[in-house]
Amino acid sequence: MFLGLYNYWIVVVLMMIGFYIIIAHGNLVKKIVGLNIFQTSVFIFYISVSNIDGGTAPILAEGFNQYSNPLPHVLILTAIVVGIATTALGLALAMRIKEAYGSIEEEEIQQRVNREC
Amino acid sequence: MVLLGFLVCIAIAIVRLKDLFAVVMLSGIYGLLSASFFVTLDAVDVAFTEAAVGAGIATLLMLVTVTMTGRYEHSAHHNSIWALAVVLVTGVLLIYGTLDMPYFGSVDAPAQLHVAPRYINNSMQEIGVPNIVTSVLASYRGYDTLGEVVVIFTAGVGVLALLSAVHRPEKDDGIVSVNVSMHEKYLILRVVTKILIPFILLFALYVQFHGDYGPGGGFQAGVIFAAAIILYSMLFGMSTARRVISQPLIQLLSAIGVLVYGSVGVVSILNGGNFLDYNLLSDDPVAGQHLGILLVELGIGCTVTSVMVIIFFNFAGRTEDHMRNERKSA
Amino acid sequence: MLAHLPILQVIVPLLAAPSCIILRRPGWVWLFALLVSGSAFLISIALLQQVMDSGVIVYELGGWEAPWGIEYRIDKLNAILGLIITGISTIVLLAAHTSIQEEIPEDRQTLFYVLYLLSLAGMLGIVTTGDAFNVFVFLEISSLSAYALIALGRDRRALWASYQYLIMGSIGATFILIGIGLMYQMTGTLNMEDLSRRLPEVAQTRTVFTAFAFLIVGICLKLALFPLHLWLPNAYAYAPSIVTAFLAATATKVALYLLIRFTYSVFGGSFSFTTLPLQTIFVVLGLLGVFAASITAIYQKNVKLLFAYSSVAQIGYMIVGYSINSTAGLTATLLHMFNHALMKGALFLALGAVMYRIGSVELRDFHGLGRQMPFTMAAIVVGSLSLIGVPLTVGFVSKWYLVLAAIENGWWPVAVLILLGSLLAIVYTWKIVEAAYFKAPQAGNEQVREAPLSFLIPVWMLVSANIYFGIDTRLSVQVATAAAQSLFGVGP
Amino acid sequence: MSISLESILQLCIVLPLFATLGIVVTGRYPNLREAVTIGTSLVVFYFVLQLYYGLDRGESISVQWWQLLPGLQLSFTIEPLGMIFALIASFLWIITTVYSIGYMRAHNEKNQTRFYAFFAIAIGCVMAIAFAGNLFTLFIFYEILTLATYPLVTHAGTEAARKGGRIYLGILLGTSIAFFLLAIVSTWFVAGTLDFTTGGVFGPNANTAVVGAILVLFIFGIGKAAIMPFHRWLPAAMVAPTPVSALLHAVAVVKAGVFTVLKVSALIFGIDLLQELPTTQALLYLAAATVLLSSLVAMRQDNLKARLAYSTVSQLGYVTIGALLASSSGIIGGSMHIAMHAFAKITLFFCAGAILVAANKTQISQMRGLGYQMPITMAAFFIASLSIIGIPPGGGTWSKWYLLVGSMESQQWIIMAVLLVSSLLNIAYLLPIPIRAFFPGYQTSPAKFTIKEAPLASLIALSITTVGSVVLFVYPQPLYELASGILATPGTIHGK
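Protein sequences appear in the order of chains A, B, C and D.
Take the first sequence: its position 22, counting from 1, is numbered 22 in the numbering used here, and each next residue is one higher.
Take the second sequence: its position 321, counting from 1, is numbered 321 in the numbering used here, and each next residue is one higher.
Take the third sequence: its position 148, counting from 1, is numbered 148 in the numbering used here, and each next residue is one higher.
Take the fourth sequence: its position 196, counting from 1, is numbered 196 in the numbering used here, and each next residue is one higher.
To be clear, the hints were calculated from the coordinates, so they are not data collected in a lab.
One thing to keep in mind: the hints can contain errors.
As the list claims (entries may be wrong) - Derived DSS-like pairs (lysine-lysine); straight-line CA-CA distance at most 27 Å:
no. : chain 1 : residue 1 : chain 2 : residue 2
1   : D       : K361      : C       : K431
2   : D       : K110      : D       : K452
3   : C       : K431      : D       : K452
4   : C       : K439      : D       : K110
5   : D       : K452      : D       : K163
6   : D       : K163      : D       : K361
7   : C       : K431      : C       : K301
8   : C       : K301      : C       : K439
9   : D       : K163      : D       : K110
10  : D       : K452      : D       : K361
11  : D       : K163      : C       : K301
12  : D       : K163      : C       : K439
To be verified - Stretch-level coverage of chain B by chain C, calculated; a stretch enters the list once three of its residues show a Cβ under 8 Å from a Cβ in chain C:
no. : region
13  : 7-19
14  : 34-44
15  : 88-97
16  : 228-236
17  : 241-254
Cβ coordinates follow ideal geometry from the N, Cα and C atoms, glycine included.
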C-alpha cells in the first residue's frame, strides 16, 4: 500500500504547500510562485499516472514494447503552457498594481481600496 | 523518491523565506528538479518543456518583476489559521481519494488499458511519426494544441494590453540601470552568452524540426528561440534589441503563428474533411499527416517565440520606465 | 458546409482574433468583430434549429473518432448557451465602439477587441466541446482574456479586482484539472460521453468521489456561488462597461452550464445527488446567496456594484432551481439563465450609456437623470421591473417556473423565500429609480444629454427582448423544457 | 353600429391604451389632449353599456388571447360582478375627467400630459381586471395597475410624494408578489386551473387545510383590499392630486382589490367550500377588526383626505366581510356596496378637492362655516355622507341592509354587531363636517361669507355623482339583479 501510493501522497503534500502559499501569503509575487508550485505538482501527479513499470519514453524504437502512456504527457505539455500564460499575466498585473498602489502587499492595497470606496 | 524529497524541502523553504529573490530562484530550481523527475518517469518532452519554462522563462519573468516590485516580502501571513484549515481539508480529501487509486506504475491501470494503447500501437501506421507524444499532440488531440497556442497568444495580447507603455523615450540611461541589475544576477551568463547565442539558435532549429523523431517540437523550440533573443537583448540593451526586432513585426508574427495553425484546419475543411484532418492535405494520408504536423509545429514555434519576446520586452520596458520615474522623483 | 457549423461557430471568432492584429485600425477592427460575432450568432441559431429537429450533433475534430480524438457534441443544452452567448456579445458589440472611445486609450482599443473575441471564442469552446480536457483549455482562454479585459478598466481598482479574479480563477481551474486527472486515472478516458459510460463501474471508489468533489468546488469558484463569490462584484464593477455587460450576461452562465453538464451528463444525476448531499448544500447556499447578496446590494452606493451583487443573488436563484433536481427545477434554471442574460445585458449596457455621458455610476450622479436621459432611465426601469419579476417581463416567467418547481417538490418554505428574495430586489432597484426621478441633478451634471443612438439601439433591443420573451414565452419555455427533459432522459 | 360584442370587449380594454398614445401626441395642446381623454371615456362607457345589454340578453361573451405560459391564457369574459365594476369605473372616468380638467387647471399642476396618460393606462387595466376570464389574467393587470398608478401617486415629485409612493409601491407590490403570486401558483398546482368557475375550482375533495392556507394568502396578498395590517398604502396614497384620490383610491384601485376578493371567494373557492374552511372565521374577524379600528382612526384625523382615506379602509372591510360571509346575500351586499360606496366616496373626494381649490383648506378644523361659502359642495358632502353611513336617501342603505341580512343568515352575530357599531362611528366622523359647515355654532353672521364655489367643471362633476348615489337609492333594481346574478351564472366560460 505505502509503496504503491507514497509517490501520490508526496505529490499531494506538494500541492497543498503551493495552495497554502497562494491563500495564506499577502505578497502578490509570492502568491504567483505558490500558484506555480501548485500547478507543477498537479503536473507531477498527471505524469505519475502515465508512468508504467518497465516502460520507456513514448518514442517508438526497436526493442521496446512497453511505453509509458503518452496521453498525460500531451495534456501536461498543454497545461504547462497554460501555466506560464497565467504566470505572465499575473506578474504583469502585479507590476501594474505596484505602479498604481505603490505596494504589492495584499493588506496595504486592500486598505487603500477600502479608503476609496 | 529522493527527488520528491528535495522538492518538498524546497517548497517548504519557499514558504518560510521572505527574500523574494531567493524565493524566485528556489522556484526555478523547483522547476528544474521536477523536470528531472519527469525524465525519470519517461516523460522526456514534458521534462524538456518544464525545464525551459519552469526553470527558464517563468523564473526570468519573476526576476524582472521582483527587480521592480521590491525584493522583500514584509507582511506576516495573515489569516494563516483559516488558510491552514482549508488546505488541510483539501489535502485530507485528496489523500482519501488516493486510497482507491491503482498503484503507482501498475501495468493494468485503466489509464494504461483504455485509450492509450491505440496511440502506442497504431500511431505508426496512422501518422508515421515515431514520437507518439508529437503525433498525439499535433494530430489526435491537435485541437487542444490549437487551444494551447491561442492561450499563449492570449497571454501575449493581455500583457501588451497591460504593460505596453503609451510612449517610450529612447534614452538609454534607464536601460543601463536595468542591465546592470541583470548583470549582477547573471554574471556567468553574460560571459557565456556571447559565444552561446548562435548555437542556441541552431539548437532551436534542430528541436523545431526534429520534434517528430526525438523529444522536442514547436513549443520547446519557440522557447529556446525566445531565450536566445532575450539573452541578446540583455547583453546589448533593450533599445538595441528593439531596433533589431520591431514590436509591430513581432506582434504580427504572433498572430500569424495562430493563423497558420488555424488555416491548416480550414484547408482540410476545404478539402472536404473535418477541421484539422491532415489526411486530406495530400493524396497519401501519412504524407498528409507529416505535412500537417510540420506546418502546425511551425505555427506553434512562431507564436511561442514571438509571444515570449513580447512578454519579456514589455516586462523589461515597464521596469525601465518605473526605475526612470523613481530616479526622477528621487 | 452545414456539417461544419459546430466547429465554425468556435473557430470563426477564434481565428478572427489574431486577424484583428493585422487589421490594426480600431474602427475597422470593431466592424470586423461585429461581423464575426454576428455570423457566430447566425450559426448558433442554425445549430439550435438543427438540434431541435434532428437531435444531437457530433463533430469529430481532425477526423479522429472519440475517445481517441476530440469531439464536439451539441445537444439542446449547449445549443441554448451558444445562442445566449453569441446573441448577447453581438448586441453588446454594437455599442462597443462608442463606449470604448470614451473608456479605453486609443492604442489599447485593437487589443481590446482581440481579447473580446478570444473571450467569446473561449466560452463557445467550453459549451460546445464534448471532451473534458478541452473544456479546461478553453476555460483558460476565456478566463485569461477576461482577466485582461477587466484590468483595462479606467479605475485603478480594476487592476486589483482583476488580480483577485485571476488568483481565484486559477485555483478553480487547477481544481478542475485535478478532478479531470482523477477521472482519467480511474477510467482512462477524457471524452464526456465515454466517461459517462465508464464511470458507473468505478462509481463507488473514493477516488471518483474526490474527483467529483474537486470538479464541483472548482466550478463553483468560477460560478461565483456564495460564499465563493468574493471576486465577482469588484471585477464587474470596475471593468469597462462593455466588458461588464458582456461578462455579466454570459460568464457565470457558462460555469453553470459546466455544473449541469458534469453532474447530469458525465456523472449522471443519480450519482451526483446521492454521493454528496448536493441538494441540501446547494439549496442552502443558493438561498443564502440570494439574501446575503441582495441585502449587500441594498447598501451599495455604486450602481454597477449594486447590480453586480444582484447578479450573485440571481445565481442563487439558478442554483436553487438546479438543486430541486427535477425537470421542472432545471427548466426554471435554464429559463432564468436565458432571462437573466437579457436583464443584466440590458441593465449593464444602460449603465454603460450613463458612464459614457456622466463618467460615473455613483448613485448620487443618477440624480435627475429621469429627465436628462429619459430613454436610458426608462430602460433601467424596465430592466429593474424584470429583475423584480413583474408580469409581462421575462423575470416573471422564471419566477413563476421556479416557484412552481419548488411547490411541486413540496418545498413550500423555499417557494416563500424565493418570493421574499424578489422583494429585496424591489428595494435595491427602487433606490435607483427614486434617485433618478425625485432628485435634482448634482452640481455640474445639469447639462447631461441623452445617450447617443449607438447606445440606445442595442440597449432597447435587449429591453424589448425582455418584454417580448415575457409576453411570448413559447420559444424560451419550449427549448428550456426540451433541454431539461433530455438531461433527465425523458421526453423527446 | 354593428361590431361583435367580442371585439367591443377587447376595445374596452385597448381603447384607453390607444388614448394614452393620443394624449402623449397631443400633449402640447391641452384642449385637444383633454378632448381625446373625454372622447375615449365616453366611447368606452358606451361600449360597456353595449356589453351590459348583451349580458342582459343572456349572451355569453368571452375572448381568448394568446397563451402567456403553457396552459395559462390571457382570456376575458363578461359576468355580472365584473359588469358592475366596469360600469362604475367607466362611468366615473367620464365624470372624473370633467372634474380633473377643472381641478388641474385651477390648481395649475405640472406634467398634466403624464397625468392623463397614466390615468388612461390605469383605466385600461381596470377594464381588463373587471373582465378578466381567469385569475392569471387578473393578476397580470392587477400588477400593471399598481405600476401605472405609481407615477400618479407621486405626481407632485416632492419628498413627501416620494415617501408616499415608496409605501404605496412597497406594500402593493410586496404583498402581491410575496402572497398573491404564491397563492395563485399554489392554486394552479392544487386545482390545475385558474379559470373563474361558479362553485369554485378546488372540487369537493380538496384538502381544507391547504386550501385554507391559500385563502389566507389571497386575503393578505390582495393588498389593494386594504385589510389590516396592509392598509397603510391607502392613506399614504393621499399625497396624490385629488382627482387621483377620487377615482383611483375611492374607485378603481381599491375596488379592484375588493372586487378581486369577491371574485376569488365566489368563483375560485365558491361559497360552499368557503364555509368549510378553517381560516374563514378568523379572517372574517380580521376584516371586522379592520372596519372598527380604521373607523376609530378616521375619527382622529383632522386632515380631510386622511379621514376619508381611513373611512375607505373601513368601507372596504365591509365588502371583504360580505365576501367571507360566504352566503348569497353576503356576496350580493358586498358587490352592491362596491357601487354604493364608489358613488358616495368619489363625491366626498370631489368635495375635498373643491374645498382645496376654492377655499384652499385641507384641515377639517378650518371648515367651520364653510357651508355659507360653498353651499352646493357641502350639501353634496352631506348627502354622500348619508350614503356612506347607510341611511336614506343614500344608496348605501341597500348594501348595508344586505350585508346585515347575510350576517344574520350565517349567524355571525358579532359581525352584525360590528356592522351596526361602525355605522354609528361613520356618523360620528362624517356628519360633523357638513353640520359644522352650516351651523358654525359660535356667533358668525353669514354676511361675512361670500359665495365662492369650485370651478364649474368640478361642481358639475360632484353634483352628478351625488345625484347618482341618490338614484341608486330610489332605483337599485338593475344593480340588485346584476349582483344576484353573480352566483347564478351558468358555468362560466373556461380559459381553453
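A quick look at each hint next to the structure:
no. : hint              : result
1   : K361(D) / K431(C) : violated, 34 Å
2   : K110(D) / K452(D) : holds, 25 Å
3   : K431(C) / K452(D) : violated, 44 Å
4   : K439(C) / K110(D) : holds, 16 Å
5   : K452(D) / K163(D) : violated, 34 Å
6   : K163(D) / K361(D) : holds, 23 Å
7   : K431(C) / K301(C) : holds, 10 Å
8   : K301(C) / K439(C) : holds, 15 Å
9   : K163(D) / K110(D) : holds, 19 Å
10  : K452(D) / K361(D) : holds, 13 Å
11  : K163(D) / K301(C) : holds, 20 Å
12  : K163(D) / K439(C) : holds, 13 Å
13  : 7-19              : violated (count 0)
14  : 34-44             : violated (count 0)
15  : 88-97             : holds (count 4)
16  : 228-236           : violated (count 0)
17  : 241-254           : holds (count 3)
Violated hints for the displayed structure, listed by number in ascending order: 1, 3, 5, 13, 14 and 16.
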